[in-house]
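Visitor: Sequence:
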Amino acid sequence: MRHMNYLSNALNTESLEKSPDFTAALKEKNTPPVLVVQPEYGVVPWQMHYQYREYFDDVRFVIAPGSGHSVWGTESGKDILVRNGDALFKGEAIPDAYTSAENPFPPVQKESER
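In the working numbering, the protein residues as written are 1 to 114.
Bear in mind the hints are in silico, worked out from the structure with no lab data behind them.
Where is the CB? At the ideal position from N, CA and C, for every residue including glycine.
Be aware that one or more of the hints could be misleading.
To be verified - Here are the simulated EDC-like pairs of lysine to aspartate or glutamate, each with C-alpha atoms no more than 16 Å apart in a straight line:
{"id": "1", "residue 1": "Lys29", "residue 2": "Asp57"}
{"id": "2", "residue 1": "Lys27", "residue 2": "Asp57"}
{"id": "3", "residue 1": "Lys90", "residue 2": "Asp58"}
{"id": "4", "residue 1": "Lys27", "residue 2": "Glu54"}
{"id": "5", "residue 1": "Lys29", "residue 2": "Asp58"}
{"id": "6", "residue 1": "Lys78", "residue 2": "Glu40"}
{"id": "7", "residue 1": "Lys78", "residue 2": "Asp96"}
{"id": "8", "residue 1": "Lys29", "residue 2": "Glu54"}
{"id": "9", "residue 1": "Lys27", "residue 2": "Asp58"}
Stated by the list, open to error - The calculated label-pair distances, taken between Cβ atoms and stated as ranges, are:
{"id": "10", "residue 1": "Glu102", "residue 2": "Gly66", "range": "17 to 25 Å"}
{"id": "11", "residue 1": "Thr23", "residue 2": "Ala101", "range": "14 to 22 Å"}
{"id": "12", "residue 1": "Ala10", "residue 2": "Val34", "range": "21 to 29 Å"}
Turn these sequences into a full structure, and let the hints steer you where they fit.
Guide: Listed below in structure tokens is the structure:
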């Protein structure tokens with residue numbers, strides 16, 4: 001299964017490199033609300049997720065401490081997704097909204113790097 005994921009990522013990346021830049025057009029679209037869940041140990045950096053504000057009309061952020069790329073893989077991650085996703089779809093305030101522009105899980109510096 002791991003090899004299929006690698007192959008899929010490689011093919012997607014190759015395809016994206018050949019496709020036109022759609023970001024300018026996306027900025028002009030009317031988009032539905034978007035819930036971005038930032039896991040503590042995810043593979044997509046906070047800076048990339050935070051840029052979604054430039055492309056979508058209404059982006060809400062929540063954080064998922066202790067979870068990895070597959071937020072559903074932890075009980076707390078499941079709870080965060082269900083609770084906040086439910087509120088988003090109902091048009092309610094997001095209970096665990098993260099409103100800071102700062103990385104919620106900044107990289108830890110080693111003693112030798114300080």
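Visitor: Run every hint past the structure and note whether it holds.
Guide: Evaluation of the provided hints:
| no. | hint | in the structure |
| --- | --- | --- |
| 1 | Lys29 with Asp57 | holds, 8 Å |
| 2 | Lys27 with Asp57 | holds, 8 Å |
| 3 | Lys90 with Asp58 | holds, 14 Å |
| 4 | Lys27 with Glu54 | holds, 7 Å |
| 5 | Lys29 with Asp58 | holds, 12 Å |
| 6 | Lys78 with Glu40 | holds, 14 Å |
| 7 | Lys78 with Asp96 | holds, 13 Å |
| 8 | Lys29 with Glu54 | holds, 11 Å |
| 9 | Lys27 with Asp58 | holds, 12 Å |
| 10 | Glu102 with Gly66: 17 to 25 Å | holds, 19 Å |
| 11 | Thr23 with Ala101: 14 to 22 Å | holds, 20 Å |
| 12 | Ala10 with Val34: 21 to 29 Å | holds, 26 Å |
When each numbered hint is compared with the structure, no violation occurs for any of them.
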